[in-house]
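> Respectively, the protein sequence lines represent chains A and B. Anchor point for the first sequence: position 146 equals 146 in the numbering used here, and the numbering is continuous, going up by one each time. For the numbering used here, add 585 to where a residue sits in the second sequence, where the first one is 1.
Treat the hints loosely; a few may be bogus.
[Unchecked claim] Short derived list, chain B residues pointing at chain A, Cβ under 8 angstroms:
| hint | residue |
| --- | --- |
| 1 | Asp662 |
| 2 | Tyr689 |
| 3 | Gly692 |
| 4 | Lys729 |
| 5 | Ile732 |
| 6 | Ala735 |
| 7 | Asp736 |
| 8 | Thr762 |
| 9 | Gln790 |
| 10 | Ala828 |
| 11 | Glu910 |
| 12 | Lys912 |
| 13 | Tyr915 |
Hints were generated in silico from the structure; no laboratory data involved. Quick reminder that beta carbons are idealized off the backbone N, C-alpha and C, glycines included.
In case you want the letters, here they are:
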Amino acid sequence: MSADERALTVAPSTTTAWSRTRLGAFLSQPLSWVFISVVGIVGFLSLYPTFFLFYGSLTDAPLGVPGHFTLGNYIRAYSDPEAYPLLLNSFIFGLGASGLSLVFALTLAWITIRTNAPFRRIFELTAIVPNILPPILVSISWVMLLNPSNGLINGLFVKLLGMEKGPFNIYSMPGLIFVESLILTPLAFLIVAAALKSMDPSLEESAKTLGSNEFGVMRRVTFPLIRPAILAAGTLNFVRAVESFDTPAIIALPARIEVFTTKIWREALGSFPTNHNLAATYGVGILVIALIFVYLYRHFTSQVENFSTVTGKGFRPHQIDLGRWRFAASGLALLLLVLLVLLPLLVLLLVAVLPYYHVPTWRTWHNLTLDHFRYVWTTPRVHRAFANSLFLALAGASVCMILASLASYITVRTKIVGRSLIDGLVFIPWAFPGTAMALGLLWAYVDFPIPIYGTIWIILIAYVTRFLPYGLRAVSSTIIQVHKELEEASVVCGAGFLATFRRVLIPMMRPGVMAGWIILVTIFLREFSATLFLYSPGAEPLGPLLYFLYLDGMRGRVAAIGLVISVISIILIAFAQRYSRWETN
Amino acid sequence: MLRKAQLAFAFFTAAIFSAAPLYSQSPSLIAAAKKDGKVVVYGSLESDVADTAFKGVKNKIGIDVDYWRASATKVMDRALSEFRAGKPVVDIVLTNDNPMQIMYKEGLFAKYESPSAKDFTKESIDPNLGPRYRNVIIGVVYNKDIIKAADAPKSLEDLVKPQYRGKLVMPDPTQHTTTTQWVASLDKLMGKEKAAKFIRDLAAQKPILVESLLPAAERVATGETPIAITYVKYVYIYGQRGAPLDYVRLGKFMGDGHYLDLSAKAPHPDAGKAFIDYFLSADNMKTLAKAGEFVNRKGIYPPIPDADKIQFVEMYDLDSKAFAEKKKEYQQIFLH
Numbered sequence: 001m002s003a004d005e006r007a008l009t010v011a012p013s014t015t016t017a018w019s020r021t022r023l024g025a026f027l028s029q030p031l032s033w034v035f036i037s038v039v040g041i042v043g044f045l046s047l048y049p050t051f052f053l054f055y056g057s058l059t060d061a062p063l064g065v066p067g068h069f070t071l072g073n074y075i076r077a078y079s080d081p082e083a084y085p086l087l088l089n090s091f092i093f094g095l096g097a098s099g100l101s102l103v104f105a106l107t108l109a110w111i112t113i114r115t116n117a118p119f120r121r122i123f124e125l126t127a128i129v130p131n132i133l134p135p136i137l138v139s140i141s142w143v144m145l146l147n148p149s150n151g152l153i154n155g156l157f158v159k160l161l162g163m164e165k166g167p168f169n170i171y172s173m174p175g176l177i178f179v180e181s182l183i184l185t186p187l188a189f190l191i192v193a194a195a196l197k198s199m200d201p202s203l204e205e206s207a208k209t210l211g212s213n214e215f216g217v218m219r220r221v222t223f224p225l226i227r228p229a230i231l232a233a234g235t236l237n238f239v240r241a242v243e244s245f246d247t248p249a250i251i252a253l254p255a256r257i258e259v260f261t262t263k264i265w266r267e268a269l270g271s272f273p274t275n276h277n278l279a280a281t282y283g284v285g286i287l288v289i290a291l292i293f294v295y296l297y298r299h300f301t302s303q304v305e306n307f308s309t310v311t312g313k314g315f316r317p318h319q320i321d322l323g324r325w326r327f328a329a330s331g332l333a334l335l336l337l338v339l340l341v342l343l344p345l346l347v348l349l350l351v352a353v354l355p356y357y358h359v360p361t362w363r364t365w366h367n368l369t370l371d372h373f374r375y376v377w378t379t380p381r382v383h384r385a386f387a388n389s390l391f392l393a394l395a396g397a398s399v400c401m402i403l404a405s406l407a408s409y410i411t412v413r414t415k416i417v418g419r420s421l422i423d424g425l426v427f428i429p430w431a432f433p434g435t436a437m438a439l440g441l442l443w444a445y446v447d448f449p450i451p452i453y454g455t456i457w458i459i460l461i462a463y464v465t466r467f468l469p470y471g472l473r474a475v476s477s478t479i480i481q482v483h484k485e486l487e488e489a490s491v492v493c494g495a496g497f498l499a500t501f502r503r504v505l506i507p508m509m510r511p512g513v514m515a516g517w518i519i520l521v522t523i524f525l526r527e528f529s530a531t532l533f534l535y536s537p538g539a540e541p542l543g544p545l546l547y548f549l550y551l552d553g554m555r556g557r558v559a560a561i562g563l564v565i566s567v568i569s570i571i572l573i574a575f576a577q578r579y580s581r582w583e584t585n
Numbered sequence: 586m587l588r589k590a591q592l593a594f595a596f597f598t599a600a601i602f603s604a605a606p607l608y609s610q611s612p613s614l615i616a617a618a619k620k621d622g623k624v625v626v627y628g629s630l631e632s633d634v635a636d637t638a639f640k641g642v643k644n645k646i647g648i649d650v651d652y653w654r655a656s657a658t659k660v661m662d663r664a665l666s667e668f669r670a671g672k673p674v675v676d677i678v679l680t681n682d683n684p685m686q687i688m689y690k691e692g693l694f695a696k697y698e699s700p701s702a703k704d705f706t707k708e709s710i711d712p713n714l715g716p717r718y719r720n721v722i723i724g725v726v727y728n729k730d731i732i733k734a735a736d737a738p739k740s741l742e743d744l745v746k747p748q749y750r751g752k753l754v755m756p757d758p759t760q761h762t763t764t765t766q767w768v769a770s771l772d773k774l775m776g777k778e779k780a781a782k783f784i785r786d787l788a789a790q791k792p793i794l795v796e797s798l799l800p801a802a803e804r805v806a807t808g809e810t811p812i813a814i815t816y817v818k819y820v821y822i823y824g825q826r827g828a829p830l831d832y833v834r835l836g837k838f839m840g841d842g843h844y845l846d847l848s849a850k851a852p853h854p855d856a857g858k859a860f861i862d863y864f865l866s867a868d869n870m871k872t873l874a875k876a877g878e879f880v881n882r883k884g885i886y887p888p889i890p891d892a893d894k895i896q897f898v899e900m901y902d903l904d905s906k907a908f909a910e911k912k913k914e915y916q917q918i919f920l921h
């Protein structure tokens, strides 16, 4: 334990004077003030809206109306025997989607980061693009490709192979899992790729020297070393799938598959009038499930020393030579990117140049139009939405990553009593379903003493509150791998906490920080579930604009805006990746 | 000379009156509205239709419209939450009958009798909410490229014939509130017994269930499913873009009414009043009809074939208890 940490470990005291001395020692450390500030900010952001949701679940009246204490919402929500088979469906869906997304992400990350496969940089750059597309658009694209009636891929099979019926049916549990896993892959990719970038390949080289083949190295060395990142990505994606509503609404509903979120929608959020209290109660249930997974994650990663691979003894990740297999690796990465990026984007492009979507025929070529793009260039409402969203994405992601870096340093690196509290606090708002959390935020800030309701700042607060866990996971999985001896050396050389943090840890955490920043920027550019409740009518960001255009059946305009956002995000990702590479440090 | 002058005066007067706009408003209200600067509207009117109406507001009154578009339920949620919390942002709420009645009962609206309201028929004026400016009409829409007019269903009852099994898409009545209301109101068209049997037979056809009326229409436009229960106006809206859609002439069609009212705590009350006056004016009704809306003015119809022959039947207003019961009932019928 370092001198700093010894001073910061506050044990129960026996005498007041002794306590005062300990408290004095605690408060004299700059790190203590950082800890207090981070806990204060994160605690407020997390607990304030959560309190309103808990309060809502225990009362029988909506916001602003004095109600009575009741457990009736809990009895109604959880005494229904139909709820439990649906929970099982959600569990299968969540497990399948997060598992498949990890397989896709691991394959893609390993090929692009650790091998000498050709075009790997381009693959790495494009792997994150799907994160910018609203999940609802990805789901719709896949319905257009794989629906059993006139899906484009099914149609191709029928035409080319003379089949009677296309082989794929998107309206099924495998279809649902497949589409959701594609939506979740970019997030898993970013987290796993950051961990792979920070890994010391000398361990792999040692294994090879001792006679292990490439597969053995991967199984016995690489995979265990990036286990925290895999678990982090798996945990995040599992919870994200379980609370997702968009994909089930589009694919599960026609397939007559019910999951827990469709039940929440029917009985609470989609009921008339919306039953806020019941929605909050279901939200609390999902929160409990999510927190169990956070606990499991922390349990799996508690032996942090086991994962430290970036030490002060010098490291420089380098590519594994795949020999002639490198082309096969590129082919596999390309296939994954066709599924993740190319096919949905091609469908979007098609939708963007058609007056209305239909299966293309020869007649289609005469009807192509650039009207939807013209709408993007000429409409002041669209320009204003781009400006608002860019501000929210850049500012929100930067604030989130500063907070996440400090919080993950305290959680992973120090022995401060109560440090694990931060992890729990950060996860609470994220673990609620998006719309339930938006209700909590609305209730919390509509009557806030500082008049931020109806301004852009409330959206910024909502983004930081809800999406901080993404940043935290991305940084934590990197910081776990950085050995303490580097900071200890810095402290021995006389540097204080802030200097060590700035000069040693931030450069070491850079891949994780930039990975988190990219995830957040891409999410903030298209977020709508919280934004919809909170934005003021004159300051519309892109998420609600896309949502309203979608609601009004303007798929062509949505696709055109989606494509422009993709281009902007690729530029931002390229910029961020340039600064995340070790070789640029 | 006098006669010439008289003729000139008569001609001049006639010219002025014939050129007078269909919409006229008190100059003092317009001046007060301009002082307010803008009007904030929460509504579920589709953005493109709303934009054409708001352009008129800008041209005629000279104020900007900040529009927050969402589903009817979300519009009500937000307006009520702000109202109860004492943080009113909205001036005008513009949405379906049921949520408007709930907001009225909560005291959200101020009484404003617009001079433009006198041009609506008595039947279309609700004592609480004022004129029902448009009807949203639900019918049976089909893709003409896939189903020929001769082979298309001729009535609602035809939908349950074996040849249409698996060819129908509709919003899930256990999820989508307007569809719950539509199914629950079918007895208005068929009588109780027939309606109960029709609902069971319809479920037995295993229609593809989607989240709302628009995705149902889209699936017909793309050709994924040939027939949909959806809004009739999509025949025009998608037809404008080239989609081969038509609708079954049912004679009587059920649907919902739309209203707009001024908030009792409107931050821009004069702008709100001027907005209502313009919105209900004949000028604006014509604009809305041109965009495909069934407005409640005699002789003004959307450019949809046989629109003038449609007989509108308003669906039942259901309270929250009735909605919950119906959704539960339809869950048993449609999902099991």
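> Hints first: check each against the structure and report whether it holds.
Hints versus structure:
1. Asp662: 5 angstroms, holds
2. Tyr689: 13 angstroms, violated
3. Gly692: 12 angstroms, violated
4. Lys729: Because about 13 angstroms separates Lys729 of chain B from the closest Cβ in chain A, which is outside the 8 angstroms limit, the hint is violated.
5. Ile732: 14 angstroms, violated
6. Ala735: Hint on Ala735 of chain B: violated, closest Cβ of chain A at ~22 angstroms, above 8 angstroms.
7. Asp736: 18 angstroms, violated
8. Thr762: This hint holds: Thr762 of chain B lies near chain A, its Cβ roughly 5 angstroms from the closest one there, short of 8 angstroms.
9. Gln790: With Cβ-Cβ at 13 angstroms, over 8 angstroms, it is violated.
10. Ala828: 5 angstroms, holds
11. Glu910: 12 angstroms, violated
12. Lys912: Holds: closest Cβ of chain A sits about 6 angstroms from Lys912 of chain B, inside 8 angstroms.
13. Tyr915: Hint violated; Tyr915 of chain B Cβ to chain A Cβ min 10 angstroms, cut 8 angstroms.
Comparing the model with each numbered hint stated earlier shows that hints 2, 3, 4, 5, 6, 7, 9, 11 and 13 do not hold.
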